[in-house]
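Enquirer: These protein sequences, in sequence, are chains E and C.
Read in the working numbering, the first sequence has 50 at position 67, and its numbers run on one by one without any break.
Read in the working numbering, the second sequence has 26 at position 43, and its numbers run on one by one without any break.
Since the hints were derived computationally from the structure, they do not count as laboratory data.
Only a predicted model underlies this, so the values are computations on that prediction, with no experimental measurement involved.
Careful, some of the hints might be misleading.
[What the hints assert, rightly or not] Covered stretches of chain E (in silico footprint by chain C; criterion: 3 or more residues with CB under 8 Å from a CB of chain C, positions within the stretch not fixed):
no., stretch
1, 36 to 49
2, 90 to 96
3, 120 to 133
4, 199 to 208
Backbone N, C-alpha and C define an ideal beta-carbon position, used for all residues, glycine too.
2 protein chains.
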Amino acid sequence: MTNKAIILLSGGLDSATVLAIAKNQGYELYALSFNYGQRHAIELEKAKQQADAADAKEYKLINIDLRAFGGSALTADINVPKHRTSEEMQKDIPVTYVPARNTIFLSFALAYAETIGAQDIFIGVNALDYSGYPDCRPEYIEAFENMANIATSAGIKGNKIKIRTPLIDMTKAQIIKKGLELGVNYAETISCYDPGPEGKACGFCDSCLLRAKGFKECDAMDPASKNI
Amino acid sequence: MTNKAIILLSGGLDSATVLAIAKNQGYELYALSFNYGQRHAIELEKAKQQADAADAKEYKLINIDLRAFGGSALTADINVPKHRTSEEMQKDIPVTYVPARNTIFLSFALAYAETIGAQDIFIGVNALDYSGYPDCRPEYIEAFENMANIATSAGIKGNKIKIRTPLIDMTKAQIIKKGLELGVNYAETISCYDPGPEGKACGFCDSCLLRAKGFKECDAMDPASKNI
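Sequences are here, hints too, so could you generate the full structure?
Expert: This is the structure:
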């Protein structure tokens, strides 16, 4: 029997690569995206396209309103910072951090996993070329996985839930290289925190800068760069 | 400065008691409820009434669609079991268990806590007179709290998040006794998993049976029993 996997799919570069990795490992794919009131809802169109292109068995889009809480440049009227250096990005937790976002996403993924009998949840967190978010670190993932196995019927019955983070130790360049090998169509991904009205990437937020650095470092052209 | 607390408020007996306990401890109250596609949406009216009666500083109702996943008698077309004995309730995880529900609720509470600078999250879980849900046990709460402090900016900065479970070791009778001492108006609570169209409790689901047993054991009249 094919193993089922939940894939958290944001429409961005990282989770598109994770989707390809899970597919390559032979999982039956159940993709999960969230409309959480983010500035960059264009990414949801991309996520759906990616799920379709990867022949996902199911694609679910969950509506949750994180704007009810605000507290982030992605979910409230706070400006997205631009033109920051790598050092500035690593120095402190930035205003684009959305409180408890990955915890909320993984909790829904856990509910989904338990209802369909999946034991593997894939998430594209990355602890190297990232924006300094606490919920992207390996120790966070480990703590969530531990909690998940105590929280659920599946965990108690010995069907251990695993949070899979294939990108966690990779640089952005390594992620892109891996994705290109697996045939990821990066033209259909968007990384920008603050895209324009037509879905064009701004080019200068942390996420755009990390993406550009990644493509540069692996000597590849960003096929989505026409959108900048 | 008054400390802020998030109170997960379901409209039921337990969380109404927790609200009174947190108020009695001097917290500024931020109540949080969820419309998650449950059968018993009548409880949301009760939750709002309770928050108002307790002079909560804020009441937030979050819409999330757990019916997107199903997998429970509370969120799918599965019958709610009736007339079960205490032994039957403890034997296995029942079909009223909603996969990852408390994890999802606590994750939203965590987001709320972090955005308003609260360190205390109150939840009315109870490991004695309960329905055998894995996410009501003390070891689950401990694992969630551990994860929460790694997940968040607050946790990292040393403002430790605490998951408060004042009812965890209490019998239903002890909970009711405590609530009556604190003036909880149990007439405005509903515990039923499967209320009728006018919000009347069924009287025979696990939750109704545990409630009735609790009132009986502390020799009190259930002021909501006219709704049965």
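Enquirer: Each of the hints needs a verdict: does it hold here or not?
Expert: To see whether the hints hold, each was checked on the structure:
For the stretch 36 to 49 of chain E, the stated coverage by chain C is satisfied: 6 residues place a CB nearer than 8 Å to a CB of that chain, which reaches the threshold of 3. Given as covered by chain C, the stretch 90 to 96 of chain E passes the check, having 5 residues with a CB less than 8 Å from a CB of that chain where 3 are the minimum. Given a C-beta distance limit of less than 8 Å, the hint that chain C covers the stretch 120 to 133 of chain E holds, as 9 residues qualify and 3 suffice. Restraint check on the stretch 199 to 208 of chain E versus chain C: 0 residues with Cβ-Cβ distances below 8 Å, three needed, restraint violated.
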